[in-house]
Structures are given as structure tokens and as C-alpha cells.
Amino acid sequence: MKSQVSDERPPRRPPVGGPCTTPPLIGRDREQRLFGELTAALGSGRSALVDVHGAPGLGRSTLLEHAADLARGAGVHVAAAQASWEETDLRHGVVAQLTAALAPAVVDLPPAHDLRPRPGLTAELCHAFLSAARTHPLMIVVDDVQWADTPSLRWLQALARRLSAAPLLLLTARSTVTPAGPDDRVEVRTLDDGRAVARHTLDLSPLSADGVGRMLADAFGEPAEPAFRDAAARVTDGNPAVLRAVAARFARHGWKPRVDHLPHLIDSAAEVVRERAARTLTALPGELLDVLRAIAVCGPAATADTVAAIAAPRTMSTRRALELLCGTGLLTGPDRPAFREPKAADVVLARMSAERREELYARAAERAQRAAVPDGALAGMLLGARVLGASWAVDVLRREAARHRATRRPAEAARLLQRALREPMAPHLRVRTLAELAAAVLPSAPEAADRHLRQALLTPADAAAGPAWVRAADLLVARGDVGAAQPLIAQVAARPQLRAPEQAALRALYWLSEHGQCDTAHALDRPPMPPLADHPEHPAEAAVAAWRAALQGRDIARTRRLARTALAPAAAGTTPLAAQAAACCALVLADDFTAAHAGLDAVLLRAEHADARAVAGATLVIRALARLYEGRPDEASAALDRAQELMPPHCWHPRMTSLLVALKTLIYLENGNVPNAERSIGLARTGCAEGGLGWAFLLYARGRTRLAAGHRDQALADLLECGRLLLARQAANPALLPWRSAAAAARGSDPHDGTAAALLAEERRLALSWGAPGVLARTLFATGGTGGPALLRPGTATPAGWQYRQALVALATAPLSGPDTIGPLLSSQARAGEAGAPGPEHPPAEDTAPPARTPAPPGTLTGAELRVATLAVQGLANRAIATELAVTPRTVELHLTKVYRKLGIQGRPELADALGRAPRENP
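If you count the sequence shown from 1, position 58 lands on 58 in the working numbering, and the numbers rise without skipping.
None of these hints come from the bench; they were simulated from the model. Every value quoted in this text rests on a predicted model; they were computed, and no experiment measured them. Mixed in with the good hints, there may be bad ones.
To be verified - Simulated crosslink set (SDA-like; lysine to any residue; CA at most 20 Å straight-line):
id: 1; residue 1: K343; residue 2: A377
id: 2; residue 1: K343; residue 2: P300
id: 3; residue 1: K256; residue 2: A217
id: 4; residue 1: K256; residue 2: P300
id: 5; residue 1: K256; residue 2: I310
id: 6; residue 1: K256; residue 2: G211
id: 7; residue 1: K902; residue 2: A914
id: 8; residue 1: K256; residue 2: R279
id: 9; residue 1: K898; residue 2: G863
id: 10; residue 1: K902; residue 2: A912
id: 11; residue 1: K343; residue 2: A301
id: 12; residue 1: K343; residue 2: E366
id: 13; residue 1: K256; residue 2: A270
id: 14; residue 1: K343; residue 2: R319
id: 15; residue 1: K256; residue 2: D267
id: 16; residue 1: K898; residue 2: P909
id: 17; residue 1: K902; residue 2: V873
id: 18; residue 1: K902; residue 2: T862
id: 19; residue 1: K343; residue 2: R234
id: 20; residue 1: K343; residue 2: S353
id: 21; residue 1: K256; residue 2: L281
id: 22; residue 1: K898; residue 2: A912
id: 23; residue 1: K256; residue 2: G221
id: 24; residue 1: K343; residue 2: T332
id: 25; residue 1: K898; residue 2: Q874
id: 26; residue 1: K902; residue 2: L915
id: 27; residue 1: K343; residue 2: D267
id: 28; residue 1: K343; residue 2: R408
id: 29; residue 1: K343; residue 2: V235
id: 30; residue 1: K343; residue 2: I266
id: 31; residue 1: K902; residue 2: A886
id: 32; residue 1: K343; residue 2: D290
Could you put together the complete structure from these sequences and hints?
Below, the structure written as C-alpha cells:
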């Protein structure tokens, strides 16, 4: 036998002859010892039958060649034949090869051309070969006996039953992918005296890791590294043929068996498998190729009946075609045919034109749909099929895409939805499918997701598309692409076919996107849109009204009422998720943290159920902001990390990226970690868009960081620009960002700095007007503990700063009532935490308690007079007092004159003592 025998079905080999060129056998020591013993026994007149079984590439042919070489060396005549599927229908094809190999030495054998069918031919052939064996020991070798033609197989079976009549060793090899049927087995016969001819079955197994190492060492001339050896055994499945081809590729490229070449090992193994499949395919006839193509397009749904209906072989049965293909090693079995190597299916289909391939997939999909094949297999066929124009195709693709999205496989879902959009469908269904596609591609291609959402908004449809339009606008706003969203939302909201709830939801999203714009637009440049009502009736509009009121710092009670209306359970079906998230943020600014977190939990649950990653991520960002305002930086950091896990930075719009960087920086500052804050703010140089609220947050965080590092001028510039952006959007509420007090600190500690005093006075006035206790505390302590001129608290060894004293006076004289009293504002750390204030220490309550009311004979001071007198006691000049209280210097002079007269004193030197005795008017 010769070494060109392979499992890829090359042309039939000539008879054995010439020197041995077979590769060395590794890991087959037991088999070689057995052949040595049988060859020696053959010389003593003892016959035997050996069957060699193994998968393609495990070395069946090589083992037979070594046995033939061993017998030839012992003086045994060897006749070898190679069965092949091309000659399966050639009668006595295997016998003709054997007679041709022995004819020169054995003259009694009939010539190969004289094997015409006739009665008694099988017995005649058996007699001729047994006679030759009696004259000289004989070995008959038949490789790939599963391909033997029927007459030759019957002759082999007859010869095996007569092996006891002469010293003859019969060797056959069969691929395990085509097991022998009941009529195909070659068996020996038990003799009358109970003795039987020896029969051996050799099942070849893949090479072990040690065997792979020995083969690699022989190929490279040096031992392979253990990790490389183990990886080679794994990727080649211990197949000697594949391993030998991989080693040859490594040798051509000069690579060594080391771990740094593991990627080359994986690629080479895959390429070898593809080449082996391609070589096999080149030799197959058209009918067998059609069967393979049918199996390739059907995938896991392939059955013998399905393949028969699609391929329709003409010259042989489908069963026989499958058996022949299993013998090539391409398929696993005829009952549930599947490719042994999945990449071979791609090779089979690659040889077809695109039109034929799509048509084949279409035929397979239509038959599978009639057979009620599961959606997974049917959707796989539809992916490669031409447009079918059937509604069931869209339904199957969308159902399977939903399953993939639910199991966190968005890429597969995107492929299915893109295929579904090629089919004709109702306009409202197309809008819904585009929104689903946007959600699927968001993790990998966020810009493409925005394009799909914009396309959904531009698609004309009837009223049935209303909920899908709202969902598309909701996702577009949540990711941050408000610049493109706002005009499209206005265009959709103006469509007359929309129902009232969808119109209200779209109006809410339109006005919600207004604050995210890079630059506020002039009224004439805006698309026509009805103004937001002061008393909205729809929950979606109530959510945006609450958010707007919170930004402006107006009417905290109304803000809370509107936000709770938007978050009520009855509003869940008609209120966009982004609008509800905005209502939660309004509650955060109003210090209603309990209701805010309950609302955030509900919004997050709905967003995850709807696969709205952008909304879920934005909800977690709001939670991080709430935790930061509550003075819980660790929990804020955890919420922000979860948001970025759900929505990685590349998934956000650049406007939202600014907010993420800012929050992370503020968390570092809250923990006193200025170096990490500086590194975090450095990320803002790339990927952040200027403008909008996100950029204002970034400027504030950068200003605070620079202030903490001692760069006052740069900090002041950032903080003032932050204020400009916020005021341009009417976001004056210091509950959002206390930029004024931070800017005042950046100006220094000069008590005569009128600008700093004006900034502090304005911020405290706005905080008092808003009325949230935690906001007042955050305003008071905005610059404490992060470097720079910290506002000092009472109770420390250092006297209180002038900013703190002014703030304390403003708070002490504020007309608060109910739960928003002075006590909770300046209480201990524990009570401040309960009120929602952040973490820095608060002044003790007793330091801010008003003095006892004792009568004073000269008269009673009004609230305005008391405020002016208190500031005068702190050492402020008349002009600074006027700036602090937002009045004219003349008004300050008049108030002081009245104070002096009522207290019966001559001037400021006596004011401090007299003020402690003076009664106050109730405000």
C-alpha cells in the first residue's frame, strides 16, 4: 500500500508496490505488536481476520500500510485494494484490484477483465485465492470497506468463512461514521470441532496529549511546550492527519511550538479542517452535493425526509446518499444528518451563487414552517432566504429576536430584526421593529441605534404606531441625542392620527429634551409645539413640569405633587420612561429621597423589562446623583458603576458622557481624594460634548477640583461658565449645583469682596426660596472639606469664617415653618442625614438657637432691622450689608439709625451687647 491513502477520497490508488513511504506510527504500539504476532502465526499456517475501525484522520490507512510492510518483510504475499465511493456501483471493483496485484505471481487467478457476472463466480474466486495462499502465505488488505461494491463485499464475506482452509490474513478497515449494517459485516465461521479462526477488532482512538507531544517533537525536532502541546491536542481533537497538516503549516512559516504561537495554532487547525472538507467536496458528484447543501441550509432541523424533499436525489435513495456522505467523514450519521465540522457547511454553500443559495434557503424555510419547526431553526433558514413576502416570516424573526434579547445576545437579535425589515410589513409594525432593532444594536453601534430610532420617527403610519413612536422618542432622548430628537418629536406630535395620550407623551419628551440642548434655541427657531401647561392634566406632562419647576427652584410643594402624579401606578402605561426618570430627579432636588428611590426602582424595573438600556442607565445615574446628595458617596459610586456596566461609556451620547465624568469626579471629591478627582476630570478631554446640563455638571466638577488643588483663577472661570450655562436654561436652583458659593470661595476670603458676597447672598436667597432643608445645608457647606478656603464650622479651634457667619444670620432669620425649620438644617450629623443633607459636619443646633426673648424698654426690632444689626455686629460695612441683603446702602443706614434709637445706644461699639437684650418681632 502507498501513503497517498486518505479519508478525503482521492482517486483510487494503484496496487501496492515500491518502497515504504508511510509516516511513522505514534501511539499505536499495541496494534503494531498484534500485527507482528499475526504475521508470525501466518507462517505457521494460522489464519486471522482483523477489522480496523476509526474516525477519518485517525490513521486507519497508515496502520494498514505498516501491516503490509511488515508482512512483505516476512516474505508474505500482499494484495491490497482501496474501495472508493466512485466505484461503489462497479461490480467486483475491489476484486479486480486484488487480482491485478497478485496476477503476476499467481497464474491461477482469473484476469481482471474476466470478472463478468456468472453463476459460481464467487466460489471460483474464493478457490483461486485460497489456492494461492496454500502455495504461499497471503495477506489481503481492503481499505475503506464501507465503500466496497456489493459483489466484492459478498466475496469477502464468503472468503472470511473459509479462512481456516489456508494460511491467509484478511485485513479490512472501516470508518466509524458509517457503521456496518447486518448484511455488511465480515464474519468468520466456527469449525466443527469448536475451534474458530482468530478475529480481532481494533478501535482507533485519538492521540493522547503525550502522543501529540511525540508527533510535534518529531515534526519540529524539539519538544513542544506543555501548554502548546495541550492546546494542540484540544484544537485538533488528537487527529494525527490534522495535526500533521498543522505542523506542516507551522514549518512553512517558521513558527515554533511555543505558547506565543497559540493564535496561529487555532487559525491553522480551522484552516486545515476547511481544506480537508473542500478537497472532499471537489470529488463529490452533483447529487451528493445537493444533499449536503440541503443539510447545510436546514441546520439542526435537518431530517432524512426534509433532505429528500429539498435535494430530491434522482439516481439513488436519500438514505443511500446519506450513508455515502457519512463515509466521507463530513456527516455524523444518516438519521439526524449534521456536519461533523460546522465550518464545512459554509464551504458547501460558498460554492453556490447568491441567488441559488437564497432560493434554497427559502424552500427550506417554507417546508420547515409547514412542518412546525421551532422558531430557532426556522429563523436560521430565514436569515439566508430571499424575501418571502409572508407575514409569518416577520413574526418568527421578531419572536426569535426577542428571545435572543432576553438572553443577552443582542448581536444575534440585531441580525434577525434586520432580516425582518427586508420583508413587507404594516407601517406600524415597521416602526416597532425599528425601535426593537435600535435597542439590539445599542451595545455595539450606538450611532446606528440613533439612526434606526430617527428612521422610526420618520416612518409614516396610522394611529396604531403611536406607542412605537413614543418608545422611539423615549429611547432617543434617554441616550442623550436631544439635538436630533426634538424636531423629529415635534413633527410626530403634530400628526393628526395620534391619540391624546401619545400626543401628550410626545409633547412631554419634546420639552424634556429642551434642557439637554447644547445651546438654547430662540423661540422662532423652535418647531411649533404647544407650551407646557402650568397645570398639566396628563402624567407625562406633569413629570416634565415637575422637572422644570425643580430646575427653576419654584414652589417645592407643587413640584413634589406633580412628580408623584407622574410616578403613580396608573401613569405607568402612558408616561414615557425618560419622563418618569425626570420626575424622580425632581424629587431628588426636593429632598424627597424616599419617594425618589421608590420611583427609580419602578422605572428601572420597567426599563429592564422593555430592554431599554439607555433609560435603565439614565435611571442609575440619577440614583448615583441622589446618593451623592444624601452624603453617601460609596453608594453613589456603586450606582454609577452599575450604570456604566449596563451602558458602557461608548454607548452614551457625548452629552451624557460629560455627566458621567462629572459625577465620578464629585464622588472622589466627597471622599477627599483629590488626585483621583484630577485623573477623572482628565477623561473629559475626549468624548465629551460641550453644552447642555451634562457640560454644566462637568464644569462644576472641574471647578471644584481645581479649587481643591489651589488653582483659584481656573476654578473661578469654570464655575462662572457653569453658572452661565445653567442660567441660560433657567436652571437657577442651587439644589442642582451650588456653583455660586463655590465661585465665592474661589474668589478668596476677603470680607470686603462685594462680588463674593453677592454670589453667596443670591445662592442663599434661592435656597431659602426653594425651601428644601438638605439644599440649604449643601449650599452652606458647598466648599467645605475639599481644599481651598473651607467654610469653617463652629465648634472647631479656628473661629468661623465671615461667609459662614453671614450664612448663619441668613438662616437664623429665614421665615421657615413646619418641618423646614432652622433646627433640622443645622442639627447634628445624624439628624442631617435623616433630613437628606450630605455628609459634612453640621453646626450644633445650640449654636444657632435664637436668644431668649427678654423685653427691652426702648422698643422691639423688626425682622429687617435685626438682620441688618446682626450683620453689622459681624463687622460688615454698610455697602457689604446692602449687597448681602440685596438692598441699597441708604436702606441699611436707615435701618441702623432705627436700631440705635430703639436700643438706646450711640453706635456700633455698643450694638453687640444691646442686641442680646433686644426682643424680636415674630416674622
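Against the structure, the hints:
{"no.": "1", "hint": "K343 with A377", "result": "17 Å, holds"}
{"no.": "2", "hint": "K343 with P300", "result": "14 Å, holds"}
{"no.": "3", "hint": "K256 with A217", "result": "11 Å, holds"}
{"no.": "4", "hint": "K256 with P300", "result": "39 Å, violated"}
{"no.": "5", "hint": "K256 with I310", "result": "47 Å, violated"}
{"no.": "6", "hint": "K256 with G211", "result": "18 Å, holds"}
{"no.": "7", "hint": "K902 with A914", "result": "10 Å, holds"}
{"no.": "8", "hint": "K256 with R279", "result": "27 Å, violated"}
{"no.": "9", "hint": "K898 with G863", "result": "12 Å, holds"}
{"no.": "10", "hint": "K902 with A912", "result": "14 Å, holds"}
{"no.": "11", "hint": "K343 with A301", "result": "17 Å, holds"}
{"no.": "12", "hint": "K343 with E366", "result": "25 Å, violated"}
{"no.": "13", "hint": "K256 with A270", "result": "18 Å, holds"}
{"no.": "14", "hint": "K343 with R319", "result": "23 Å, violated"}
{"no.": "15", "hint": "K256 with D267", "result": "15 Å, holds"}
{"no.": "16", "hint": "K898 with P909", "result": "16 Å, holds"}
{"no.": "17", "hint": "K902 with V873", "result": "16 Å, holds"}
{"no.": "18", "hint": "K902 with T862", "result": "10 Å, holds"}
{"no.": "19", "hint": "K343 with R234", "result": "17 Å, holds"}
{"no.": "20", "hint": "K343 with S353", "result": "18 Å, holds"}
{"no.": "21", "hint": "K256 with L281", "result": "32 Å, violated"}
{"no.": "22", "hint": "K898 with A912", "result": "15 Å, holds"}
{"no.": "23", "hint": "K256 with G221", "result": "10 Å, holds"}
{"no.": "24", "hint": "K343 with T332", "result": "14 Å, holds"}
{"no.": "25", "hint": "K898 with Q874", "result": "18 Å, holds"}
{"no.": "26", "hint": "K902 with L915", "result": "10 Å, holds"}
{"no.": "27", "hint": "K343 with D267", "result": "13 Å, holds"}
{"no.": "28", "hint": "K343 with R408", "result": "25 Å, violated"}
{"no.": "29", "hint": "K343 with V235", "result": "14 Å, holds"}
{"no.": "30", "hint": "K343 with I266", "result": "14 Å, holds"}
{"no.": "31", "hint": "K902 with A886", "result": "24 Å, violated"}
{"no.": "32", "hint": "K343 with D290", "result": "17 Å, holds"}
Violation of the numbered hints given earlier is confined to hints 4, 5, 8, 12, 14, 21, 28, 31; the remaining hints are satisfied by the structure.
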